[in-house]
Each structure stands twice: as C-alpha cells, then as structure tokens.
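Given the structure of chain A, go ahead and fit chain B onto it with the hints provided.
Number of protein chains: 2
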Amino acid sequence: MAEEKQQEEAKKEDVSVEETSEETTEVAPEKSELDLANERADEFENKYLRAAAEMQNIQRRANEERQQLQKYRSQDLGKAILPSLDNLERALAVEGLTEDVKKGLEMVQESLIAALKDEGIEEVPTDGEFDHNFHMAIQTVPADDDHPAGSIAQVFQKGYKLHERLLRPAMVVVAE
Amino acid sequence: MAEEKQQEEAKKEDVSVEETSEETTEVAPEKSELDLANERADEFENKYLRAAAEMQNIQRRANEERQQLQKYRSQDLGKAILPSLDNLERALAVEGLTEDVKKGLEMVQESLIAALKDEGIEEVPTDGEFDHNFHMAIQTVPADDDHPAGSIAQVFQKGYKLHERLLRPAMVVVAE
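Chains as they are written, first to last, in UniProt numbering: chain A, 1 to 176; chain B, 1 to 176.
Isolated chain A, as found in the complex (with noise of 0.2 Å):
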C-alpha cells in the first residue's frame, strides 16, 4: 500500500509537471522522460494507423488490378485470332468448294467463334444506326427504303468487342 501512495504521488508529480511544461513551451524545457515517452507512444500509433490504412488501400487495389487482368486477359490473343476469322470468311465465300471443305471450314470458324465468345469476345453488332464508339464509316451511299439516313447500308468487315471494350470498329457503308 505504501508502493501504491508512492506511484500515485508520482502520477500526481508528472501531471502536474505537464501542466508546467505546457505553460512554458516558449522556453522550450527539457521534456519529461513520461512526455517522451508518450510522443513515441503516439508516433508509433500513428504509424501504425497509417500503415494498416495503407495495407488495406494495397489489397483493394491488387483485387482489383487482378480482376481486371482476369477481364481482359484475353485481348491480345483475342486481337491476334480475329484475322483468322477474316481469312476463313473470305475461304467461306469462294465458289465451287466442296461439301467436305466448306463443312470443315465452318467447324474451324464455329470453334473458333465459341473460344472467344467464352472469354468475353463478340461480334459488334451492326443491323442498326451508325455508332461512332463501335463503327468506322469508310464509305456513304444515299439513304433507300431499306437503309434509312444514318443506318448501316453495308458491311465490309465485322468489328470485335471484349466485354465492353472496343477490340477492333466495324468498318461499314452508312446511309446518308
């Protein structure tokens, strides 16, 4: 019991000597081993508090990063195929192929189209109004009955989108 009288004098002495301290910070007194002791206290609080806040900021911003690399991680092989596609269209459209190629043509084309579509990749659409985010105009033609204004009269060739993202603009006749 006298041990505690004791550290509760002493208590009572280090307040008393903040409130001093705190009085006269404009002589600049030495600080008190408690004071000290407290500012590292608080130093490292703050640290640390800043530390976890960033640890956290750091994780977000990895899941995201890896989300988005799992998104779109097929755009550059994706981008590569799409010229095959375009070649076996063009084999597609030559005459007097037999039953047996045009056949293996086409599993090549569906296959083809069902490993992207998988990943994310489609076709942009094109039966209706110009589009300047999805489309590249490369030739106009004046508007009929079936192509009003502003509609796509024709297709020259199809364009590629992943997910949201543009791969590559259709390039199209637009009626005007």
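Keep in mind that a hint or two might mislead.
As the list claims (entries may be wrong) - Each computed DSBU-like pair below joins lysine-lysine, with the alpha-carbon atoms no more than 35 Å apart: (1) B/LYS71 - A/LYS71; (2) B/LYS79 - B/LYS161; (3) A/LYS102 - B/LYS117; (4) B/LYS47 - A/LYS103; (5) A/LYS161 - B/LYS117; (6) B/LYS117 - B/LYS158; (7) B/LYS102 - B/LYS117; (8) A/LYS161 - B/LYS47; (9) A/LYS103 - A/LYS79; (10) A/LYS161 - B/LYS31; (11) B/LYS79 - B/LYS117; (12) A/LYS117 - A/LYS79; (13) A/LYS161 - B/LYS102; (14) B/LYS161 - B/LYS103.
The set of hints was computed from the structure by calculation and includes no laboratory data.
Same frame as chain A, now just chain B:
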C-alpha cells in the same frame, strides 16, 4: 530553472517507482504512468513494424501473382483454339483442294500458330525420345531401323504447351 529541477525530481521519482515495481512483480503493483506510456509505445512500435513487414509481403505476393496471371493469361483461350487448329489440319489433308482454298487455309493456320506463339503457346516437339511429361502413347509398334525402341514412330495429334506448362499432350505411337 525551478521547473527544470521539478522535472528532474519527477524523473527520479519515476525511476525509483520503476525499480520498486520491478522488485515486487509478484504482487502485481499498479503500473506507473511512465510504464504504461512505454508499454503503449512498445506495443505500437511492434504493431507498426509487423504491419510494415506485412505490407511488403502483400506487395511482393501481389507482384508475383500479377506476373503469373500475365504469363498464363492465354491458357484458356489458347486451349480452346487447339481444336480449330486440328480441324484446319484435317481440312488441309483433304484431297482435291483448289490452290485458292489451300492458300486460304494455310494463311489461317499460319496466323493462328503465330498468334499462339506470341502468347508463349507452342507445339510439343515429337522428334526425339518418348517423354511421358509431354506425350501420351496411344499405340506401340515394333522398333525398326528408322524408329529405335523408345522413340516416337508416329504423331496422331499434336500436343501444345504454354511456356513450360503442358496444355495437352501429343498423342503418339511409340516404337518398342
């Protein structure tokens, strides 16, 4: 100066209290304010150091994961394209193709192989010894002068790997 002396006194007081409490830890005396402040400082220093180390670990792991994701990003699409390559080969093996069709098919084949190669996907070599890591033996034939025991006598279906990772084994006939 009187205040400084007061602080000096306070410090001495603290030290003596510390010593006293150390001597009597068995009876768990109340800790002094300085002890508590020092404990708090130590605790947050440790927490901060652990958080800083953990932050570096998270960064490192995120970087490694990003590299892995990039390296193997084309695994799924690449694998899904392989049957198209098989079908192209079969189409090219059909007799009586016109030169135009043959050239068209070869262009498609070459551009697909080039696109896959850009992503690290290549044919599994089948010109050496049978290797169960890359080949699947679906048949055996007696060894002869051209095909010593343990060598690959014929390839039924090509195998492919993405960097060092096998996408599918080559289906082969082994001499024995």
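Which of the listed hints are broken here? 4, 8 and 10
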